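Peer 1: Two independent chains are provided; combine them into the complex using the hints.
Protein sequence lines, in the order shown, are assigned to chains A and B.
For reference, each letter of the first sequence is one residue, going 60 to 362 in my numbering.
For reference, each letter of the second sequence is one residue, going 9 to 288 in my numbering.
If you're looking for bench data, these hints aren't it; they were derived computationally from the structure.
Small disclaimer: the values here were computed from a predicted structure and weren't measured.
Using N, Cα and C, we set each Cβ at its ideal position, and we do this for glycine too.
Incorrect hints may have been included.
Claimed, not checked - What follows is a list of derived Cβ distance ranges for each label pair:
#1 A:E136 with B:R195: 49 to 57 Å
#2 B:V272 with A:A277: 51 to 59 Å
#3 A:G65 with B:S33: 53 to 61 Å
#4 B:S33 with A:R157: 19 to 27 Å
#5 A:D184 with B:V272: 41 to 49 Å
#6 A:S194 with B:R166: 41 to 49 Å
#7 A:G129 with B:G174: 48 to 56 Å
Claimed, not checked - Here are the simulated SDA-like pairs of lysine to any residue, each with C-alpha atoms no more than 25 Å apart in a straight line:
#8 B:K123 with A:E183
#9 A:K198 with B:F47
#10 B:K123 with A:F128
#11 B:K123 with A:G181
#12 B:K123 with A:P168
#13 A:K192 with B:F153
#14 B:K245 with B:F153
#15 B:K245 with B:P219
#16 A:K192 with B:N113
#17 A:K198 with B:V50
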Amino acid sequence: MQVVHGPILASLSSVTHRYGPVLALDGLDLEVRRGEVLGVLGPNGAGKTTAISLLLGSLHVQEGVVSVFGSAPGAAEVRVRRGAMLQISGISANLTVREHIELFRAYYPAPLPASRLMAMAGLEDLARRRYGKLSGGQKQRVMFALALAGDPELLFLDEPTTGLDVDARHRLWSEIRALRESGRTTVLTTHNLDEADALADRVVVVHNGRRIAQGTPAEIKSRTAGRLVRCVTRIGPEEVTRMPGFLKVGTRGQHLEVLTTRPEELVRELLGRDRGLADLTVVSAGLEEAFLALTREGKEGAG
Amino acid sequence: MTRGAETAGKGGGALVQVRGTRRLSPARRLHIYLLEARFQVVEVLREPAFAIPTLVFPLILYLFFGVIMGTGGPSLAVPTYVLATYGVFGVLGPALFGFGVGLANERDTGVLLLKQTTPMPVGAYLFAKVMAALIFGTAVVLGLFLLASQAAGVALYRWQWFALAGVLLAGVIPFCALGLAVGAWARGRSAVAVVNLVFLPMAMLSGLWLPVYMFPEIMQDIALALPAYHHAQLALKVVAMDAGQSVPLHVAILMAETLVFLAVARLGFRRAGTFALGGK
Numbered sequence: 060m061q062v063v064h065g066p067i068l069a070s071l072s073s074v075t076h077r078y079g080p081v082l083a084l085d086g087l088d089l090e091v092r093r094g095e096v097l098g099v100l101g102p103n104g105a106g107k108t109t110a111i112s113l114l115l116g117s118l119h120v121q122e123g124v125v126s127v128f129g130s131a132p133g134a135a136e137v138r139v140r141r142g143a144m145l146q147i148s149g150i151s152a153n154l155t156v157r158e159h160i161e162l163f164r165a166y167y168p169a170p171l172p173a174s175r176l177m178a179m180a181g182l183e184d185l186a187r188r189r190y191g192k193l194s195g196g197q198k199q200r201v202m203f204a205l206a207l208a209g210d211p212e213l214l215f216l217d218e219p220t221t222g223l224d225v226d227a228r229h230r231l232w233s234e235i236r237a238l239r240e241s242g243r244t245t246v247l248t249t250h251n252l253d254e255a256d257a258l259a260d261r262v263v264v265v266h267n268g269r270r271i272a273q274g275t276p277a278e279i280k281s282r283t284a285g286r287l288v289r290c291v292t293r294i295g296p297e298e299v300t301r302m303p304g305f306l307k308v309g310t311r312g313q314h315l316e317v318l319t320t321r322p323e324e325l326v327r328e329l330l331g332r333d334r335g336l337a338d339l340t341v342v343s344a345g346l347e348e349a350f351l352a353l354t355r356e357g358k359e360g361a362g
Numbered sequence: 009m010t011r012g013a014e015t016a017g018k019g020g021g022a023l024v025q026v027r028g029t030r031r032l033s034p035a036r037r038l039h040i041y042l043l044e045a046r047f048q049v050v051e052v053l054r055e056p057a058f059a060i061p062t063l064v065f066p067l068i069l070y071l072f073f074g075v076i077m078g079t080g081g082p083s084l085a086v087p088t089y090v091l092a093t094y095g096v097f098g099v100l101g102p103a104l105f106g107f108g109v110g111l112a113n114e115r116d117t118g119v120l121l122l123k124q125t126t127p128m129p130v131g132a133y134l135f136a137k138v139m140a141a142l143i144f145g146t147a148v149v150l151g152l153f154l155l156a157s158q159a160a161g162v163a164l165y166r167w168q169w170f171a172l173a174g175v176l177l178a179g180v181i182p183f184c185a186l187g188l189a190v191g192a193w194a195r196g197r198s199a200v201a202v203v204n205l206v207f208l209p210m211a212m213l214s215g216l217w218l219p220v221y222m223f224p225e226i227m228q229d230i231a232l233a234l235p236a237y238h239h240a241q242l243a244l245k246v247v248a249m250d251a252g253q254s255v256p257l258h259v260a261i262l263m264a265e266t267l268v269f270l271a272v273a274r275l276g277f278r279r280a281g282t283f284a285l286g287g288k
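Pulled out of the complex, with its shape left as it was, chain B reads as follows (with noise of 0.2 Å):
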């Protein structure tokens, strides 16, 4: 006799029930997605190393540039102006840092390669980062939009504050992708490196705290193949600030480079092999 029926004869509790819905019902799925989100968000609000610089460095920039130093001027084209692109910087700090270094973590502790011994949908893994980052940089806008209205005494039609908030959350997209390419490619404690040779340079060079006409005519050019510039000057045609693009090309140049950073993203997964995005 072998052991495994001597063990089922003697009813050994969980192994002998029933095993016939190895599927993942939609249910399931759907608590395991929401399950993934709930903790990422929670693992990320306990690390203080997170939460400070990419959730309450844009409100302090707020509160110094377009509150204390903007609002004394005849106009309120500086408070307005940063509003919105302080958003961008808002939304895209905890996409590179939260989507960027947290993946290339997980990716070298190996809690990655844990999680996909197990049969967690690789669908959930990623969502939950997208939905940290989005829930992230919805309080960061929020945060704003209140300084912005209650301190700086910005006005708005009630639609530029929906639009504003819509297209600043749509940011999420591009920003994730990106974040998704420097996780695939970048290890460990080089991520944060990398991510803040991305995050700065592109914070400034798209026009986030000075806007693009300003700069030396080189740096205009760099500024118009870099997501941010796009994303910024979307955000700032919701307040009649931008630099008077067409939409479309906004639109286009930052689904274009979204589909880029995938492509990146996907062959680093390659590379490293262990990592089938788009498989099972």
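So that you can see chain A by itself, here it is in the shape it has in the complex (with noise of 0.2 Å):
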């Protein structure tokens, strides 16, 4: 996929964000460019939901500096050209789809269509159906279409398809391309590395509140084309980092995980070292386990 060096339209720099005695964020770094769709991507917990709050200006920034157009995330002139997609529990039941629409539609300047909003979230047929009687999928769609109302330039999608079935999501997911061709910039938080992967043009890994990794989805599978080494073992991590083809290393429970270019030789000495070692698995690292490797590198560092 081409990646998209256009002017930046938001960003963090070195954000720290505390709830009290958590820290949500610890000196993030995110920037968002014109034209792209940008993955925000980590286990809950990340700190994703936090940085989209701080882009959206409904959090205080407490330590670094956020900024959306050039401007506060707050600010009056920067609400008018952006539209987000939060993780809300709902909106209200008794309203229409339509009424909802056109209440959200009446904030903006330059607002779509209520006819094509409805198009694009694809819900003509439940126009007059209420917001309560609605299925989880059909909800989703109705944020989206809310999310879109304004005819924003640069759209925050906080986890738009947590909860969806299959084709709920892949329906959400061509919608979601279509606004890229359309010249929006996205920003997509998620868990889900497929979803990253099948959306974005950049993917910035958050852990712990830092990011741990960014670059294309492909960019991000490069750094762990290998294999993941799982099993119970006496033998720690420090001992494996020596080992061969060895990438990263983390624990999971009882197991050990290494991700490694030469399994076989790894396993051979894993065996010979531990005569004990139980409960082996070799599986081929995907995303997902690229994505666990990069987490759990990040975790170890943070503790």
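Peer 2: Right under this line is the structure:
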């Protein structure tokens, strides 16, 4: 996929954010460039939603600099140029799809026509249905339409496909791709690697409030062009770092997880050093494993 | 070439249209205020859990205590008294339940958060809630007037009807401020409990069901601190059935308490950190 080096539309610079004693963001840097779909990838609790909330101006900046269109994120001139789909439990159950869309369109100076919004989100047949009577996928589509109501240049989608079935997810994916073709810039948070891979031009991996990797989905993948060896062993993580083809190491419960480019040699060495080694598996390192390895690494760095 | 420029070259539809009007024009601001208010009313009307207790309950109370029980005796004192006090009750309910519980719910579900990322003026949101309370309050007051004049035979001068309606509906201001304070602090489901803890005891202690002079002295003292008491006294003064304190006293206390509620609400929003009252 072609990487776009457009001008920066929004950024977080060395942003640290705490909820009481809990450190949510730890000096996070993030840049959003015009025309790209930026995937912000990380497990639950990584700080993705906090980052989005700061970019939306719904949280006050504690430390660092947050800029959107060169202004403060909550500024009135910023709000009209941006749309957001948040992880919220719902909007009024008693209003119809059409009514919700009408209300949100009214907020913006140059909204998209209601009929076009309904078509973009696949809501044509549901216009008169009350929000509370919709399925989960249909509700997400309404939220998507509301995010687009003002014809935004910059769109924030916070875990847009969480809780959707496969069909609904793929449908939303194609809608997001269509937005990219229309020149909009999208920031998408997800903990689903397939989603980042399918949609993003660029991926930023966030863990424990820090950026631990960034690049195209292909680059993130290539960093882990190896196999994941998993086993229960008394061999410690430090020892593994000197083994053949070593890329990453981590632990999950009792298991040691090693990412390697030379799995056969590494397994031979492991078995040679620990006769009691058990529960051995070797799997190809897809993006999922790449991600696990990256986040595990981040975790060790932090603690 | 960046993708944005390519799209613009292709004439990418709405994206390239003029975006000069980024500030809200007064006309569009008004449109947002009215639309927000309209949908607030529609939304609440479609919610039986709100509409029945707050709109129908005061009328049923009046039918029972004002019309059926109150009209047997030699005077119309009871139906006249409860006309004024159930009117207070009728204005208090929508303000506390619609405003207080509604706000707490919308903070909880995230609707408010979502709306605050849009250019919606915060004022439109608050205006909608006050308008809804005013409209539902008006509906209850008119219903009570109808029952009082037609079924109970309460006869007032024309100025008294108008004055009573005006006094009752002005109660929307302190009670919405109270609702705002509750909504700013209480969360979601607990807001209903908090509102009920405020609503029913305050109604009782303020003499909305039985006149305050029938209570022990300590309860009468408590009443002096309650906004619904002072509001009810103002309403009762219109029909010459109040306890005799002065109008400026009641008005001053109501205004002071309104300011206290607003300050408490502001503190709550500060603490929540997401709803900058008085900001953009």
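Peer 1: State for each hint whether it applies.
Peer 2: Outcome of the hint check:
no.	hint	in the structure
1	A:E136 with B:R195: 49 to 57 Å	violated (33 Å)
2	B:V272 with A:A277: 51 to 59 Å	holds (55 Å)
3	A:G65 with B:S33: 53 to 61 Å	violated (31 Å)
4	B:S33 with A:R157: 19 to 27 Å	holds (24 Å)
5	A:D184 with B:V272: 41 to 49 Å	holds (46 Å)
6	A:S194 with B:R166: 41 to 49 Å	violated (56 Å)
7	A:G129 with B:G174: 48 to 56 Å	holds (51 Å)
8	B:K123 with A:E183	holds (23 Å)
9	A:K198 with B:F47	holds (19 Å)
10	B:K123 with A:F128	holds (20 Å)
11	B:K123 with A:G181	holds (22 Å)
12	B:K123 with A:P168	holds (15 Å)
13	A:K192 with B:F153	violated (38 Å)
14	B:K245 with B:F153	holds (17 Å)
15	B:K245 with B:P219	holds (13 Å)
16	A:K192 with B:N113	holds (19 Å)
17	A:K198 with B:V50	holds (20 Å)
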